[in-house]
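Asker: Below are the chains, spelled out letter by letter.
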Amino acid sequence: MATEATGKTGQKVSTEKRMQAFAKTITDGASADYMKYLKQEAKENRIIEKHL
Amino acid sequence: MGKNLDLSLQLYKKGTVLLIPAVTFPGGKTKPKYAILLEDADVLYKRGHIIACFTTSKKFDRFYSWHVVVSAKIIGKSEKEITTIDCINRIALKEEHIKKCKFLGYLPKEVLEEVEEANKLGEMYIKAAKIKIFEE
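These protein sequences, in sequence, are chains R and H. 295 is the number of the first residue of the first sequence in my numbering; add one for each residue after it. 3 is the number of the first residue of the second sequence in my numbering; add one for each residue after it.
Treat the hints as calculated values from the structure; they're not laboratory data. Quantities reported herein were computed from a predicted structural model and do not represent experimental measurements. Just so you know, even glycine gets a beta-carbon here, dropped at the ideal spot from N, CA and C. Do not rely on the hints blindly, as some may be mistaken.
[Stated by the list, open to error] Derived DSS-like pairs: lysine-lysine, alpha-carbon spacing no greater than 30 Å straight-line:
(1) H:Lys129 with R:Lys306
(2) R:Lys306 with H:Lys48
(3) H:Lys102 with R:Lys318
[To be verified] Simulated coverage check for chain R against chain H, where a stretch passes if three residues somewhere in it have a Cβ under 8 Å from a Cβ of chain H:
(4) 311-320
(5) 327-341
[What the hints assert, rightly or not] Chain H regions said to be covered by chain R (calculated; three or more residues, Cβ under 8 Å):
(6) 11-20
(7) 59-67
(8) 112-120
(9) 125-133
Given the sequences, and given the hints that come with them, work out the whole structure.
Answerer: Structure (C-alpha cells):
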C-alpha cells in the first residue's frame with residue numbers, strides 16, 4: 295500500500311525504499327489496474343491538451 | 003534569439019503547482035486536475051511545451067517508485083488529507099495552457115527533491131517498459 299510505504303501523512307520515502315519499489319516494478323511490472331488507470335488518464339490528458 | 007518570454011511566465015518554475023480548469027470529458031464527466039511542473043518554463047523556448055505531472059486523490063493498490071505521497075495542503079485541501087503525485091501520469095502544457103491554469107504555489111523544497119528523484123525513476127520505467135505517454 296502506498297500509505298504503508300510512505301507514511302500516512304506522506305513522509306519522505308528513503309531513496310533505498312524507492313529503489314526497492316523500482317526494482318519490484320521492473321521485475322513484476324506495473325499492475326493491470328494501474329496500467330488501465332494510466333491509459334484512461336492519458337486519454338483525458340489528450341482531451342485537456344486539445345480543449346484547454 | 004528566441005522570442006521574449008512574458009515576465010510572468012518566468013515565475014513558472016519546476017515544482018509549480020497548477021489547477022487546470024475543468025474540462026468536460028466524454029460522458030459528461032468533469033473533474034479538477036492538479037499539475038506539477040517538472041521543468042522550468044524556459045523549456046517553452048526550446049520545445050513549445052512543458053511537461054507536468056498530475057496529482058490524484060486516488061489511493062493506489064501499491065506504491066510505485068514514481069509516486070510521491072504528500073499532504074493535500076499543496077492543492078489547497080486539508081493538511082490531514084493526502085494526495086499522490088504520479089510522475090508518469092503526464093501532460094504537455096503549452097504557454098497558452100499554462101496561462102489558463104490557476105497558480106497554486108510551489109512545492110516545498112523537500113517535496114520537490116523527492117519529485118525529482120521519483121521523476122527520474124519514472125523516466126527510466128517509461129523507457130524500460132516502452133510506455134507511450136505522449137502522441138508522436
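Asker: Report holds or violated for chain R covering the segment 59-67 of chain H, Cβ cut-off 8 Å, minimum 3 residues.
Answerer: holds (count 8)
Asker: Within 30 Å, alpha carbon to alpha carbon, are Lys129 (chain H) and Lys306 (chain R)?
Answerer: The hint holds at about 25 Å.
Asker: Assess, step by step, whether the Cα of Lys102 (chain H) is no farther than 30 Å from the Cα of Lys318 (chain R), and give holds or violated.
Answerer: Between Lys102 (chain H) and Lys318 (chain R) the Cα gap is close to 39 Å, so the pair fails against 30 Å, i.e. violated.
Asker: Tell me if chain H covers the segment 311-320 of chain R under the three-residue, 8 Å CB rule, please?
Answerer: Since 6 is at least three, the answer is holds.
Asker: Establish whether the coverage given for the segment 125-133 of chain H by chain R is satisfied; the threshold is a Cβ-Cβ distance below 8 Å, and no fewer than three residues must meet it.
Answerer: With 5 residues closer than 8 Å to chain R, the segment 125-133 of chain H meets the three-residue bar; holds.
Asker: Per the coverage rule (Cβ-Cβ under 8 Å, at least three residues), is the segment 11-20 of chain H covered by chain R?
Answerer: Per the Cβ count (0), the hint is violated.
Asker: Mind taking a look at whether chain H covers the segment 327-341 of chain R? Criterion is 3 or more residues with CB to CB distance under 8 Å.
Answerer: Three-residue rule met by the segment 327-341 of chain R, so holds; n is 10.
Asker: Take the C-alpha atoms of Lys306 (chain R) and Lys48 (chain H), compute the straight-line distance between them, and say whether it is at most 30 Å.
Answerer: Measuring from Cα to Cα gives roughly 33 Å; hence the hint is violated.
Asker: Under a C-beta cut-off of less than 8 Å, do 3 or more residues of the segment 112-120 of chain H approach chain R closely enough to confirm the stated coverage?
Answerer: Contact hint for the segment 112-120 of chain H vs chain R: holds, 4 residues under 8 Å.
Hint compliance for this structure: hints 2, 3, 6 are broken, all remaining hints hold.
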